[in-house]
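Please take these sequences and the hints and turn them into a complete structure.
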Amino acid sequence: MEVRSMFFKQSASMKLDDPVLQAAMKRAKGKFVDGRAKAVADVDAWEAIRAHAARLRDRTIANLDAYLVEFERNAVRRGAQVHWADSAEEACAILVKIAADNGVRTVTKSKSMVSEEVNLNERLEAAGVTVVETDLGEYILQLAKEPPSHIVAPAVHKSKEQVADLFVAAHGKPRLTDIPAMTAEARSELRRHFLGADMGISGANFVIAETGTTLTVTNEGNADLVTTIPRIHCVITGIEKVIPTLEDFATLIRLLPRSATGQSIANYLTLTTGVKAPGETDGPEQMHIVLVDAGRTRLVGSDMQEMLRCIRCGACMNHCPVYQNVGGHAYGWVYPGPMGSILTPAYVGLENAGDLPNASTFCGECAVVCPVQIPLPDLMRKLREQQFDRKLRPFGERFGIAAWSFAARRPALYSALTRIAARVASWLGGRDKLIHKLPGLDGWTQGRDVPAPSGKTFRELYRQAKGKR
Amino acid sequence: MASPMGSREKILGRIRAAQGRAGAEPTPAELAQVRDQIASRERGPLPSIAAPADPIAHFKAECARLGTTFADVDSMDAVPGEVKRYLDSGALEAAIVAWPAFAGLDWAGAGIACEFRPAHGDDRTGLTGCFCAIVETGTLLLLSAPEEPKVNALLPETHVAVLRRERLVSTMEAAFALLRTERGELPRATYFVSGPSRTADIEQTIVIGAHGPYRVHVVLVP
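As given, the protein sequences belong to chains A and B, one line each in that order.
Take 1 as the starting number for the first sequence in this note's numbering and just add one per residue.
Take 470 as the starting number for the second sequence in this note's numbering and just add one per residue.
Incorrect hints may appear among the rest.
[To be verified] In silico lysine-lysine, BS3-like type, Cα no more than 30 Å apart, as pairs:
hint, chain 1, residue 1, chain 2, residue 2
1, B, 479, A, 382
2, A, 382, A, 456
3, A, 31, A, 160
4, A, 97, B, 529
5, B, 553, B, 529
6, B, 529, A, 38
7, A, 145, A, 97
8, B, 529, A, 31
9, A, 382, A, 468
10, A, 38, A, 145
11, A, 31, A, 145
12, A, 9, A, 160
[Stated by the list, open to error] Stretch-level coverage of chain B by chain A, calculated; a stretch enters the list once three of its residues show a Cβ under 8 Å from a Cβ in chain A:
hint, stretch
13, 497 to 503
14, 651 to 661
If you are wondering where the hints come from, they were derived from the structure by calculation, not from laboratory data.
Yeah, the Cβ is synthetic: ideal placement off N, Cα and C, and Gly gets one too.
Structure (structure tokens):
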């Protein structure tokens with residue numbers, strides 16, 4: 001997917017003025033936040049499970065090479081072919097080649113964010129393969145020719161009216177606006193694709209080293225159809241998705257659906273291990289697993305390594321006051337919200353991530369709800385420091401921070417400057433003690449006044465109070 | 470085939486370099502350590518809901534929460550009658566496609582046209598067994614096998630699953646332990662079903678019956 005994160009500020013402003021998006025975000029916020037809170041309340045060991053999950057993810061990443069090799073060994077033993085893709089380009093090339101080698105004309109696909117990273121659909125279509133997204137949200141976006149705006153609910157930004165128009169254009173049937181009827185129409189349209197596809201492509205929520213298994217977590221059942229019916233099943237997934245054992249999956253699945261959608265469990269947890277056994281009537285004859293790096297190894301051993309724990313639940317964005325107001329497209333790449341503010345710089349370069357590390361109020365809610373305890377605000381703070389050091393922020397901002405840092409390290413100078421500033425600010429407040437227009441920050445005061453300070457600094461007041469005692 | 474060994478080495482080499490280890494392949498000692506860790510099969514903490522006072526009541530309550538309906542019968546022979554009652558109550562056609570393991574039951578006597586084959590896209594009701602079921606979440610676990618096609622649980626609009634009471638286990642961990650004991654290895658498809666298929670992709674409105682069944686009905690047999 002093309003990176004447009006440099007334009008975060010401009011797109012965010014546009015999104016704030018978009019009434020359809022604002023209605024959609026308001027609707028989603030309540031469902032995700034309340035749903036998660038209720039689901040988590042059922043699990044008395046929640047914090048202990050979170051801590052265990054964070055530890056198990058850390059331990060796996062600390063031996064990522066050995067776990068990947070063990071996974072590969074077991075997957076191959078069960079008849080799967082394992083491919084390693086260094087880059088997005090290579091991941092696409094591998095899948096295009098598998099399709100070409102097997103005369104594949106049609107592909108059904110269940111949701112994969114990695115495939116969004118690498119622009120897989122575009123590449124397959126350029127090679128003459130018809131690709132049909134089967135997750136309802138992804139299907140809607142494929143019709144709309146838009147990228148997802150949320151990793152779990154990709155079409156969260158769309159209204160049913162917009163979806164109705166897309167369905168009329170694509171299906172040529174009378175316009176429906178009843179959501180169950182619209183869903184039934186999509187079901188019947190997609191059924192023939194499920195039954196006729198030559199190849200199914202799925203992502204993987206996790207891959208299990210112990211058994212060589214890849215697995216999907218869905219509610220619609222589309223991943224089950226994609227991985228069961230076509231003669232070839234391809235999995236595209238990131239190298240960080242490996243977990244050691246089935247027990248680890250049992251732990252993580254207590255966290256994932258509750259954090260994502262407030263469900264105690266997702267409707268379909270599907271573990272696929274190798275190819276069709278002798279005598280089986282369904283299942284693929286070939287299974288290919290593409291393990292994608294595309295920037296992930298840059299996080300290993302770095303001060304961003306904790307991000308590799310991520311299990312892609314989306315709770316950080318659901319609870320982020322910035323995401324809740326601007327939606328996912330403003331972030332300009334595959335992963336929105338706090339997780340995107342870390343992953344986008346890591347995968348496409350800090351120089352291409354623009355304001356993303358700053359797209360946060362640092363309220364800390366993302367770290368509180370993260371099921372694997374990723375300290376997201378701390379990681380964003382580190383990225384802000386890197387942006388400063390690498391001169392990626394505007395000159396005025398860097399000059400201001402450098403000047404403040406110069407003064408803050410010299411107590412006498414700092415005291416003198418703050419005394420002047422406190423007095424000027426108090427004077428600016430005038431008779432009503434409110435600053436209506438801040439010089440240089442008039443955008444901020446356009447919609448509100450700043451209460452003027454008393455005219456003395458904290459240290460002056462402290463000294464006074466101490467003297468009185 | 471399509472994967473040049475170059476990328477495998479590059480990826481593994483970068484991971485190792487970042488963690489201060491040389492080379493592009495884990496050493497035998499490192500692999501042995503990872504296998505030991507796997508073999509320890511360490512379990513995570515369990516919530517209280519994983520050990521309810523009345524497992525059957527908890528399982529039924531979880532099924533209800535997921536939209537799975539439930540019926541108890543006295544014996545395996547009573548299954549066709551229950552299936553007929555269930556289909557009638559929903560005004561559903563009395564025709565099913567079942568796993569061959571159920572061929573010994575008297576379906577015709579119950580007034581049901583039953584075929585023993587993999588389901589097609591236009592079959593209305595599929596009947597399966599299940600490997601076991603999980604009390605904690607009201608979840609059925611099914612395994613792929615030659616005479617137990619997965620499509621019967623997936624393509625029809627209604628999925629009826631026959632569950633033996635002795636196959637109820639407390640948690641997913643217990644289900645995996647049973648699977649290792651009885652089967653040794655995972656089959657090609659190991660699939661957990663928790664209620665009918667659903668989506669909330671249009672305006673976050675939950676709709677039952679996305680691509681899989683609209684209805685899941687469990688018949689509990691002693």
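Going through the hints against the structure:
no.	hint	result
1	479/B <-> 382/A	holds (27 Å)
2	382/A <-> 456/A	violated (33 Å)
3	31/A <-> 160/A	holds (17 Å)
4	97/A <-> 529/B	violated (48 Å)
5	553/B <-> 529/B	holds (21 Å)
6	529/B <-> 38/A	holds (20 Å)
7	145/A <-> 97/A	holds (25 Å)
8	529/B <-> 31/A	holds (26 Å)
9	382/A <-> 468/A	violated (43 Å)
10	38/A <-> 145/A	violated (35 Å)
11	31/A <-> 145/A	holds (26 Å)
12	9/A <-> 160/A	holds (28 Å)
13	497 to 503	holds (count 4)
14	651 to 661	holds (count 8)
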